[in-house]
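Engineer: Sequence:
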Amino acid sequence: MASTVNSAFSAFMVNNVRLNPDRTKIAKSSKNWLIDEMKKFPDDGNFSPFHPDVFIEYGSFSRKTKIPPLDDIDIMFILHAQGATYVQDVSPIQVYNSENSKFFSDLCFDGTAQINSIKVINKFKDYLKAIPQYKQADIKRNQEAVTLELQTYEWVYDIVPCFITNPEWDGRTFYLIPDGYGQWKKTDPRVDKKNMTDAQAIQEVAVVDVIRLMKYWNSRPIMPSMQSYLLENIILNYFKAAVRGKWVDIEVKNCLAYIADAVLGPIQDPKNIQGDLNLLLPEQRIKIRTRALEDSAKAAAARKYETEDKMKEAITKWAEVFGQEFPQFTPQLTTHA
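Under this note's numbering, residues 19 to 355 are what the sequence shown spells out, in order.
Check before you lean on any hint, since a few could be wrong.
[What the hints assert, rightly or not] The calculated lysine to any residue pairs, modelled on SDA-like cross-linking and capped at a C-alpha distance of 20 Å, are: (1) K258 to S243; (2) K212 to N290; (3) K82 to E222; (4) K212 to G200.
[To be verified] Derived Cβ-Cβ restraints for the label pairs, each shown as a range: (5) D144 to S119: 17 to 23 Å; (6) D40 to E222: 51 to 57 Å; (7) N50 to Q346: 37 to 43 Å; (8) Y199 to E222: 20 to 26 Å; (9) G63 to N140: 14 to 20 Å; (10) T42 to T130: 41 to 47 Å; (11) D188 to L299: 31 to 37 Å; (12) N50 to A224: 24 to 30 Å; (13) P87 to I291: 24 to 30 Å; (14) P87 to S21: 51 to 57 Å; (15) D128 to K305: 56 to 62 Å; (16) S21 to N50: 39 to 45 Å.
Hints are computed from structural coordinates only; laboratory data are not their basis.
None of these values were measured; they are calculated from a predicted model.
Quick reminder that beta carbons are idealized off the backbone N, C-alpha and C, glycines included.
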């Protein structure tokens, strides 16, 4: 219930769009405990120790752009490469064990010195089982991560083993993570975090709140959904292009119009690794564009109602954009002496 557009958006953000702060606090504490436990292994001399940096967080939870439900937390654990080598400009990337290293000798493809990322993931899975509190947890391996599902929490951990490279010809370093087929691929979560920081640096409006709102809009089953990372980068491109306004509702209206055009073309990976992030089919792009244009027009109408002090009409129009979970209008009660 709300009597103004501002109060409606505030309630909507708290109740539907932002993660519950109490659960987020517990999740962070649980994550830190997991990291501390994993720092204790491997200590049996049969597996490479961690790199001095130990881990790096990635994904929407670490970037603070995740919307409910809080269902996964992503962490990359960095192994010391022990002199392993790789070829820079090939895909998939093959990582070769050093002749002087014993740590990965049993984790290579049969008859080769190529380190098999699936075997490395399986080794992580075995070590996780040794943590007493996780004996009853559901520990699964997919092709790129170990998924740790705890009985006491609603979220899972996706744990990804990786290496960090030495600087390449351009001075950049990368993280090598499993590609799902036994080889490796590049990534760099640091670039994504910097991309967010750079966008926010020139804006007064909270960029993460706009991203969260657009993710909520994207999740509604009224059109094809964009992949979350694609949508984030479209919105960050919008905010990095110019100084925008300070009101969330106005920026939602403008972002919808921007998405309508941007979704038709390529969206380049800011890390310069994946190339075009926009893998939507042509018919999907058209449907998203149509919906974005329609909702941008509704947002413009809501804004006009608001300037005319027609709060009921404005809030009702915003509910057409975000759905029935958007707060309903309630007149502000007045008291008389």
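Engineer: Given the hint of 39 to 45 Å, is the C-beta distance from S21 to N50 inside that range or not?
Structural biologist: Roughly 41 Å apart at Cβ, these two residues keep to the hinted range, so it holds.
Engineer: Are the Cα atoms of K82 and E222 separated by 20 Å or less?
Structural biologist: holds (17 Å)
Engineer: Could you say whether the range 51 to 57 Å given as a hint is met by the Cβ separation of D40 and E222?
Structural biologist: violated (28 Å)
Engineer: Does the alpha-carbon distance linking K212 and G200 stay inside the 20 Å limit?
Structural biologist: Not satisfied, since the Cα-Cα distance of roughly 30 Å exceeds 20 Å.
Engineer: Mind checking the hinted window 37 to 43 Å against the Cβ distance between N50 and Q346?
Structural biologist: holds (40 Å)
Engineer: Holds or violated: the 41 to 47 Å window for the beta-carbon distance between T42 and T130?
Structural biologist: This hint holds: roughly 44 Å between Cβ atoms.
Engineer: Regarding G63 and N140, is the given constraint of 14 to 20 Å on their beta-carbon distance met?
Structural biologist: Given about 18 Å between the Cβ atoms, the range holds.
Engineer: Between P87 and I291, is the Cβ distance one that fits in 24 to 30 Å?
Structural biologist: holds (29 Å)
Engineer: At the C-beta level, are D128 and K305 separated by a distance inside 56 to 62 Å?
Structural biologist: The hinted range 56 to 62 Å is violated for D128 and K305, with Cβ atoms some 47 Å apart.
Engineer: Just to be sure I understand the hint, the distance between the Cβ atoms of Y199 and E222 should be within 20 to 26 Å; is that true here?
Structural biologist: violated (45 Å)
Engineer: 17 to 23 Å was suggested as the range; check whether the CB atoms of D144 and S119 agree with it.
Structural biologist: Once the Cβ atoms are compared, 19 Å apart, the range 17 to 23 Å for S119 and D144 holds.
Engineer: Are the Cα atoms of K212 and N290 separated by 20 Å or less?
Structural biologist: holds (14 Å)
Violation of the numbered hints given earlier is confined to hints 1, 4, 6, 8, 14, 15; the remaining hints are satisfied by the structure.
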